[in-house]
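2 protein chains.
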Amino acid sequence: MRGTDASILALSGGVGGAKLCLGLADVLPPAALHIASNTADDFEHLGLTICPDIDTVLYTLAGVSNQRQGWGLEGESWQVLAALESLSADTWFRLGDRDLATHLWRTGQLAAGCSLSTLTAELARRLGVTARLYPMSDDRVSTVVHSDEGDLPFQHYFVRRQCQPRVGGFSFAGLAEARLQADIVALCRQQAVSGVIICPSNPFVSVAPILQLDGCWQLLRELRGPVLAVCPIVGGRAIKGPAAKMMAELALPVTALGVAEYYARHYPGLVDIFVIDHSDATLAADIQMLGMEVRVTATVMQTRADKQALAQDCLQQVLG
Amino acid sequence: MRGTDASILALSGGVGGAKLCLGLADVLPPAALHIASNTADDFEHLGLTICPDIDTVLYTLAGVSNQRQGWGLEGESWQVLAALESLSADTWFRLGDRDLATHLWRTGQLAAGCSLSTLTAELARRLGVTARLYPMSDDRVSTVVHSDEGDLPFQHYFVRRQCQPRVGGFSFAGLAEARLQADIVALCRQQAVSGVIICPSNPFVSVAPILQLDGCWQLLRELRGPVLAVCPIVGGRAIKGPAAKMMAELALPVTALGVAEYYARHYPGLVDIFVIDHSDATLAADIQMLGMEVRVTATVMQTRADKQALAQDCLQQVLG
Chain F
1 MRGTDASILA LSGGVGGAKL CLGLADVLPP AALHIASNTA DDFEHLGLTI
51 CPDIDTVLYT LAGVSNQRQG WGLEGESWQV LAALESLSAD TWFRLGDRDL
101 ATHLWRTGQL AAGCSLSTLT AELARRLGVT ARLYPMSDDR VSTVVHSDEG
151 DLPFQHYFVR RQCQPRVGGF SFAGLAEARL QADIVALCRQ QAVSGVIICP
201 SNPFVSVAPI LQLDGCWQLL RELRGPVLAV CPIVGGRAIK GPAAKMMAEL
251 ALPVTALGVA EYYARHYPGL VDIFVIDHSD ATLAADIQML GMEVRVTATV
301 MQTRADKQAL AQDCLQQVLG
Chain L
321 MRGTDASILA LSGGVGGAKL CLGLADVLPP AALHIASNTA DDFEHLGLTI
371 CPDIDTVLYT LAGVSNQRQG WGLEGESWQV LAALESLSAD TWFRLGDRDL
421 ATHLWRTGQL AAGCSLSTLT AELARRLGVT ARLYPMSDDR VSTVVHSDEG
471 DLPFQHYFVR RQCQPRVGGF SFAGLAEARL QADIVALCRQ QAVSGVIICP
521 SNPFVSVAPI LQLDGCWQLL RELRGPVLAV CPIVGGRAIK GPAAKMMAEL
571 ALPVTALGVA EYYARHYPGL VDIFVIDHSD ATLAADIQML GMEVRVTATV
621 MQTRADKQAL AQDCLQQVLG
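Heads up: the sequence lines are chains F and L, in that order. Residue numbers for the first sequence follow my numbering, so the first one is 1 and each next one is one higher. Residue numbers for the second sequence follow my numbering, so the first one is 321 and each next one is one higher.
Since the hints were derived computationally from the structure, they do not count as laboratory data. Heads up, the beta-carbon is just placed ideally off N, CA and C, and yes, glycines get one too. One or more of the hints may lead you astray.
To be verified - Pair ranges (Cβ atoms, derived):
1. L:Gln-484 / F:Gly-75: 36 to 42 Å
2. F:Ala-176 / L:Gln-484: 19 to 25 Å
3. L:Asp-468 / F:His-146: 45 to 51 Å
4. F:Glu-85 / L:Arg-480: 28 to 34 Å
5. F:Ser-171 / L:Cys-434: 48 to 54 Å
What the hints assert, rightly or not - Now the stretches of chain F that chain L is said to cover, found in silico as 3 or more residues with beta-carbon under 8 Å:
6. 85 to 96
7. 199 to 208
8. 305 to 316
Please take these sequences and the hints and turn them into a complete structure.
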């Protein structure tokens, strides 16, 4: 691995991405890890601005996330939710008490005119997170899920309807007008990152909004360092979330090859290295035909050691 | 007392007003009590719209208020506040978990386009409150306290600075453009109320915004039924809150007579009956000189029976 001045930009959605970010944070020196977080599934609920992916990454890196549940905080209490239920209020989005404090603080600060970037950095500081976490944009981008139940805001599809509707595609409202977060732009323009790691997040609703934003993927492709993507599909299944179900509904092959083909078609020349699990080793040759190097390794992250090992492996590929 | 079709409009601020409203609700038939609540101390905090006076009246009538504390809910928990503190967030306004649920629900519904009137009625229904409670307006009015520390938003003066600054006066931002709540206007125009009771609330910051709003006091003066005011100053002191301190700083006599003079000067001909405590009986003659009938009774409400007795007494005066 190159010297300790190596700096990595990771692109992350929620749970799966956060796991690899934690591994990267463990093995990289402080301040060497920059994370661009998807914000297209942010939404307004009960007057609050909620940023699920930012919070999942923050809580995971701070060591306070509820790992069994996959969202929210460990040891959470539910006093407010119980009171909302007794008021017959909307409670399909489960807001824990400590989690609510994050949303309240952020919403109040946004109302006072602070940018999401500033607030994300400040929240990281208050939670003791040393990695640099950025929202992909300070402008609002909102995923719309085109489904057999009509167009649904992302959280309505994902949480309220538990991914049950069949999807036909996605669009990102506000994307055309949104600007890529300024620090991410500066890191890229100044060639200040040694490489990019696309975390094993959902390609369609977590990674796509970041890549499609404001020329982001073209900017990443122009970097001197390589772009590595970790495949979120292992053995034809998603480790977590609806990626596999979405691929089937979009008539894509539900395999690591299907994911690689998706990246190659939509972002040609972007991904230099594609990381797949041992169980998908037989797909390596076909993926190489797409012009990507393939790294076969253990990509399922259950333990902290798994996360660190995958992070080390990715860094080895990226930094050489 | 007149027949059971008698209908009363009460004007109320927070704690003191809510006590008399509870007494009135106990002794009047359901649906005979209409309450216009001050909203000029409503404010935005952590992105939430908070309506302290509406909530104090609602919680009091629903029997869930914290009477010892004077605000908030009985048996409240503080999980969110503790988490906000650990985030070093603003916690000068003490938000309990169950109370927060009210603010969240309301803020979400306001964002969805519901009026504060509709939400207040719905919240009353969900809490089992049968009295009709109206915000004084669906438009935003905000008390500004002119003080020796400059102009302060009301809750900053009241809660954050604990009424310590010396006041020089008050203004009500938005008052000139705000409309009196439509049901209150209709009740008055249709002479559908048998009388008005101005609760023993702060004359300057709780009652004044209601009376000064959109010709309200002139509308009340034109009613066929009488207007009765219960004096919030007893024996030269306020039962609760900064009314006495404010009077001293405004160079008004800190007495029941001072309050009566204030009403007579600013709302001439409005108050027909002025209710004072036994301890202020010697002031009755001077108050009568202002053109008001004076009723001397026990106005300090400690027990539920105290509240009911004062309510009965007021109704007797108003309904004859």
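Hint by hint, here is what the structure shows:
1. L:Gln-484 / F:Gly-75: 36 to 42 Å: Holds, since Gln-484 (chain L) and Gly-75 (chain F) (Cβ atoms, about 38 Å apart) stay within the stated range.
2. F:Ala-176 / L:Gln-484: 19 to 25 Å: violated, 52 Å
3. L:Asp-468 / F:His-146: 45 to 51 Å: violated, 60 Å
4. F:Glu-85 / L:Arg-480: 28 to 34 Å: holds, 32 Å
5. F:Ser-171 / L:Cys-434: 48 to 54 Å: 29 Å Cβ-Cβ, so the 48 to 54 Å window is violated.
6. 85 to 96: holds (count 5)
7. 199 to 208: violated (count 0)
8. 305 to 316: violated (count 0)
Comparing the model with each earlier hint shows violations of hints 2, 3, 5, 7 and 8; every other hint is respected.
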